[in-house]
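Chemist: Read off the chains here:
There are 4 protein chains.
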Amino acid sequence: MRDPRQIAVVGVAGYSGLELARILLRHPALQTPVFYVRDANGTKCLSERFPQFRGWGEAPLRLLSVEAITSSGAGIAFLATPHEASAELAPPLLQAGLRVVDLSGAFRFRGAETFTSWYKLPAPHAEWLSEAAYGIPELYCEEIAAARLVANPGCYATSVILALRPLTDAGWIAPNTSVVCDCKSGASGAGKDPRRDLHFVEVDQNFKAYGVFTHRHTPEILEHTGLSESQVVFSTHLLPLARGILSTIYVTLKQPRTVAEVEELFRRFYAGRPMVRIWPAGTLPELQHVAHTNFCDIGFALDSSGRRLVLVSCLDNLGKGAAGQAVQNLNHMLGIEEQTSLQ
Amino acid sequence: MRDPRQIAVVGVAGYSGLELARILLRHPALQTPVFYVRDANGTKCLSERFPQFRGWGEAPLRLLSVEAITSSGAGIAFLATPHEASAELAPPLLQAGLRVVDLSGAFRFRGAETFTSWYKLPAPHAEWLSEAAYGIPELYCEEIAAARLVANPGCYATSVILALRPLTDAGWIAPNTSVVCDCKSGASGAGKDPRRDLHFVEVDQNFKAYGVFTHRHTPEILEHTGLSESQVVFSTHLLPLARGILSTIYVTLKQPRTVAEVEELFRRFYAGRPMVRIWPAGTLPELQHVAHTNFCDIGFALDSSGRRLVLVSCLDNLGKGAAGQAVQNLNHMLGIEEQTSLQ
Amino acid sequence: MRDPRQIAVVGVAGYSGLELARILLRHPALQTPVFYVRDANGTKCLSERFPQFRGWGEAPLRLLSVEAITSSGAGIAFLATPHEASAELAPPLLQAGLRVVDLSGAFRFRGAETFTSWYKLPAPHAEWLSEAAYGIPELYCEEIAAARLVANPGCYATSVILALRPLTDAGWIAPNTSVVCDCKSGASGAGKDPRRDLHFVEVDQNFKAYGVFTHRHTPEILEHTGLSESQVVFSTHLLPLARGILSTIYVTLKQPRTVAEVEELFRRFYAGRPMVRIWPAGTLPELQHVAHTNFCDIGFALDSSGRRLVLVSCLDNLGKGAAGQAVQNLNHMLGIEEQTSLQ
Amino acid sequence: MRDPRQIAVVGVAGYSGLELARILLRHPALQTPVFYVRDANGTKCLSERFPQFRGWGEAPLRLLSVEAITSSGAGIAFLATPHEASAELAPPLLQAGLRVVDLSGAFRFRGAETFTSWYKLPAPHAEWLSEAAYGIPELYCEEIAAARLVANPGCYATSVILALRPLTDAGWIAPNTSVVCDCKSGASGAGKDPRRDLHFVEVDQNFKAYGVFTHRHTPEILEHTGLSESQVVFSTHLLPLARGILSTIYVTLKQPRTVAEVEELFRRFYAGRPMVRIWPAGTLPELQHVAHTNFCDIGFALDSSGRRLVLVSCLDNLGKGAAGQAVQNLNHMLGIEEQTSLQ
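Protein chains in written order, with our numbering: chain A, 61 to 403; chain B, 61 to 403; chain C, 61 to 403; chain D, 61 to 403.
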């Protein structure tokens with residue numbers, strides 16, 4: 061019999077995995093999670109390998125294998141692994157009766173072709189793609205609560221989709237106008253593997269654009285806003301800081317609106333959704349307001365014509381953009397308060 | 061008799077002024093400049109006040125007064141002062157026969173109302189506004205060479221105008237589409253006066269938008285691209301680094317173009333203009349390529365439809381965005397090689 | 061009747077005050093604290109003034125006066141104020157029956173002359189100086205538990221004293237040899253008031269020594285290690301980061317020791333003290349291991365002679381160096397688990 | 061016939077090599093240098109590979125081989141290579157009549173055992189070790205001017221040796237007291253190869269000690285100050301910035317001195333040596349004063365007893381700590397002004 065309060069975490073070596081460990085170890089409704097790694101180097105507990113956990117975050121570290129996880133009593137597995145690994149690990153875990161929250165891109169699309177065209181890989185079996193719930197709880201909390209498999213969204217995609225959905229649902233965006241999403245992320249979003257372009261000296265004092273028109277989070281944005289590829293321009297930039305995404309989004313409205321109307325639209329849409337905070341008209345959120353939290357903060361500016369709207373959406377790419385949102389999804393799967401362990 | 065190789069510099073205490081000092085002190089065609097400050101604190105030379113100049117940058121430091129400057133033999137004055145001070149200082153210096161390069165916004169607009177409406181101050185006398193050359197030598201080198209008064213452009217404005225001019229001159233931009241200018245600057249652009257929002261702890265690890273629809277560089281962009289206020293969306297952001305501006309600019313083209321056509325347009329436009337470097341299609345410039353230089357680097361990405369164009373324009377806000385460009389203007393005023401002392 | 065679970069916090073506008081708010085708002089044994097400020101600017105709750113608290117940290121913000129605090133039922137007051145303000149506020153609060161945890165230097169010394177000679181001010185009344193407990197709970201938990209007034213130690217002093225005390229208590233340090241304390245701190249330790257030398261551009265990419273032989277934390281180190289002023293050399297440096305202190309301390313031992321003996325001495329000294337973590341011989345703690353925590357991590361290296369010992373002591377200057385330690389002291393004053401709300 | 065103004069540079073891919081390129085390309089007394097790399101990736105000139113050189117730093121890039129260099133007319137070779145490569149490349153180049161400036165540790169010691177014991181490798185042939193001049197021109201300019209082989213010193217070693225030599229030459233240091241050298245360096249000193257511990261996220265917001273008692277620059281310090289291994293304690297730390305070394309050095313003097321005496325000792329020692337700048341008593345140099353320069357700035361503080369002296373020595377690890385000093389050595393080898401191209 062699987063125990064939903066018993067958690068298996070795969071991929072603790074990366075930044076999302078470490079953040080997941082930090083949150084799960086303090087989670088009051090869970091047993092101590094078990095962490096699985098490809099190479100334990102002889103270590104048997106989390107704090108031996110990651111000294112920041114010494115003295116408060118003791119938890120077992122085990123060699124990763126599907127069998128090791130399925131033969132434990134774990135009811136839910138988190139996969140903080142690259143999409144190739146997730147595509148391989150999720151199906152047998154699901155078949156063995158675990159529920160899975162996957163932080164990679166492997167199960168984020170209904171259509172196999174979308175995956176294949178953006179990830180240049182055969183897609184996971186269609187059965188799983190169609191079953192996966194897309195893990196933004198502010199939009200899909202019922203599907204998530206019932207899901208066996210939750211595809212945790214991309215960090216950029218979360219910040220853009222949460223900012224655009226009130227507008228697309230209300231039908232406010234003028235057709236045939238560009239929706240420009242100019243997104244900036246800290247370096248932890250690019251992972252922990254040493255790379256020349258993520259070397260300290262290359263990032264510090266530097267700033268650059270990358271992935272213009274080509275970023276893999278594009279199809280998530282299209283699918284969950286209903287905007288067409290020809291309407292969305294999505295670009296990403298690398299900030300010289302560790303944590304945080306700030307997206308500046310430029311929209312043309314169908315008809316003129318007042319700032320009060322815009323604020324009201326957003327407030328109503330996110331009423332009862334405490335992890336999305338709408339900023340009062342005339343103020344804009346900054347990365348420092350969301351770093352180390354699970355909040356997504358959204359503010360806006362409207363020009364004097366009332367038709368050109370600029371949205372600013374901020375979150376912590378390891379919080380609401382990855383591990384935090386994954387635990388928020390877990391809370392819905394467990395049927396408990398969604399903010400548990402996230403404040 | 062005024063000597064054009066004898067330079068007076070006002071405002072060395074700010075970051076632009078210090079950068080100006082660094083460049084002018086190495087300039088092979090000039091005599092040692094004289095630096096004027098409001099309060100010398102008893103110091104008599106530059107290196108007493110700014111120890112980084114010790115041992116190589118000895119130059120006189122004098123108490124600022126119009127008379128002190130006009131009674132010297134100086135032929136050219138640089139004003140690295142706030143616009144209020146520049147508006148006051150420039151006219152008497154010009155009347156005394158000096159030529160002036162002003163780094164503030166005081167003389168950047170032909171129309172007095174434009175100045176007044178964006179700066180909330182009475183404009184300088186119309187005579188000076190109409191006489192001032194706008195100091196982007198790649199666009200206006202002849203006016204600059206002949207000018208008595210050069211208005212050195214805003215840092216953001218320089219990066220945006222240089223990126224857009226090939227397109228607006230060629231008439232490539234689709235009418236009635238937004239031109240989105242999402243600009244990011246390092247903190248030295250905001251000046252040297254201590255301010256709560258520029259305190260180290262407030263900027264480090266932070267990133268924010270500011271001045272959306274309200275930045276004072278807006279009218280410069282409109283005036284020198286010919287685009288209308290309703291077409292341009294201009295926003296600015298504060299990067300957690302000291303030097304550099306990167307502008308990401310989103311344009312919709314009238315008709316589909318190939319990357320080769322776009323690259324060719326830019327290369328032709330800036331042929332013989334060594335301080336603007338066009339990046340080959342498929343590559344994008346980064347801040348690290350222009351920091352501590354007088355270059356403006358421009359790259360681009362074109363989507364598969366050939367109509368949506370993203371430009372990336374980088375420069376050092378103290379170099380090509382302020383002091384470097386000011387010296388480039390000086391070189392044109394002196395009739396010498398424009399790169400002198402700028403490499 | 062005063063309620064010890066009802067807390068008044070003075071000085072929330074500074075970095076230590078904000079960190080205190082973050083910790084106290086999550087503290088399970090307390091009522092919602094009340095925050096007092098000199099100038100409320102018309103705001104009535106914490107999150108109106110500090111938007112990062114929106115949605116989770118609602119608490120009242122009131123205008124500061126001694127009467128406002130004493131007329132509330134608060135049992136304990138935290139003073140996150142400059143020493144001048146603390147010296148003035150603490151006595152009337154104590155006389156009204158509150159217990160006080162003061163984060164400034166006002167009550168850190170037994171001797172009034174010590175205060176006067178280092179702070180150039182008349183000392184608070186001797187009655188309070190002699191009553192104040194010095195708030196390092198690993199050394200003085202019984203005095204703290206019983207104290208009416210706790211003087212929370214300096215951030216540098218905490219890192220140095222915790223590293224040296226096992227050695228000085230054991231009498232291991234060779235007499236007449238220098239004990240060199242080379243300490244480095246992040247910029248939040250210097251406070252939140254805008255200052256030219258704490259302007260972003262002046263700190264970023266910079267590093268400097270300051271306060272050599274003159275830092276006000278010196279007498280705390282002398283008093284709580286028993287070392288003489290002629291033996292200790294204490295210097296401080298400003299790191300280009302926001303949070304954290306790393307002290308590198310150089311000691312000559314009376315007689316040769318093995319690494320096992322050194323590690324054993326430290327482990328025994330801090331047995332049962334979970335907030336001080338001793339690193340295994342051959343490893344050294346880094347700032348990233350203690351940032352945003354209340355830990356003080358201590359590691360060491362011993363040369364081949366066994367007599368020259370280098371200690372590395374790390375903590376978060378706002379955590380164990382200020383607000384975290386203040387709450388650890390509070391927990392002792394309340395007689396509850398010292399780590400409550402500190403993990 | 062070899063031309064001393066024709067320069068071959070090996071190892072331009074690293075940070076020291078790039079800095080060398082920047083300085084040499086502007087050097088007025090040289091022809092355009094030729095750069096040799098192990099793998100040209102089809103590129104034929106410097107700016108194709110390193111876009112920051114576009115438009116001003118055109119120079120040939122060639123595939124590295126000893127023959128390619130010796131068959132050119134180059135008179136002097138710079139080796140900005142790891143010590144293994146330098147040990148292999150230098151002898152055949154010297155035998156072919158080139159003079160060599162080596163930036164690695166391969167030829168820094170007279171004694172082969174010293175090299176072997178610190179570098180764990182067989183030493184280069186004794187003939188070359190004994191012939192190499194140690195490249196600190198302020199101390200050994202005559203040997204350097206005449207040398208066929210110059211061993212450019214370690215960056216940390218330069219900062220420490222320049223600070224200590226006035227004291228050791230004057231015999232001022234008390235015998236049997238520790239000389240503590242607490243040194244901090246920016247990350248460019250650790251090279252350009254991607255490494256987990258130099259990944260942006262691991263260095264940013266972090267600070268750590270490393271190499272305590274074990275750093276390879278130790279024997280250079282001992283050899284050129286005459287201090288014994290038992291007297292010097294040398295530790296190194298990694299700063300979260302790209303460029304610069306600041307060494308804080310703690311010395312006990314044999315007899316009490318005044319600040320005037322100390323300042324006078326240093327000023328006299330470095331009279332006529334413009335690249336070492338002595339700071340007036342009461343002031344201390346900071347990294348920002350030397351970044352991007354070839355200066356070593358030295359300041360000091362003396363305690364009230366006049367016997368405990370703290371020195372602060374700053375330089376740019378890629379400037380005076382590597383490439384800048386290498387060019388300073390070149391200038392002496394060419395018999396020209398030592399500051400040429402270094403301001």
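Treat the hints with caution; some may be incorrect.
In silico DSS-like cross-links for lysine-lysine, where the CA-CA straight-line distance does not exceed 30 Å [unchecked claim]:
1. B:Lys-104 to B:Lys-180
2. D:Lys-104 to D:Lys-180
3. C:Lys-314 to B:Lys-252
4. C:Lys-314 to D:Lys-314
5. A:Lys-104 to A:Lys-252
6. C:Lys-104 to C:Lys-180
7. A:Lys-180 to A:Lys-252
8. A:Lys-252 to D:Lys-104
9. B:Lys-314 to B:Lys-104
10. C:Lys-104 to C:Lys-252
11. A:Lys-314 to B:Lys-314
12. D:Lys-104 to D:Lys-252
It should be emphasised that the hints constitute simulated quantities derived from the structure, not laboratory data. Here the structure is a predicted model, which is why all the values come from computation and not from measurement.
Chemist: Which of the listed hints are not met by the structure?
Modeler: The structure breaks hints 1, 2, 3, 6, 8 and 9; every other hint is satisfied.
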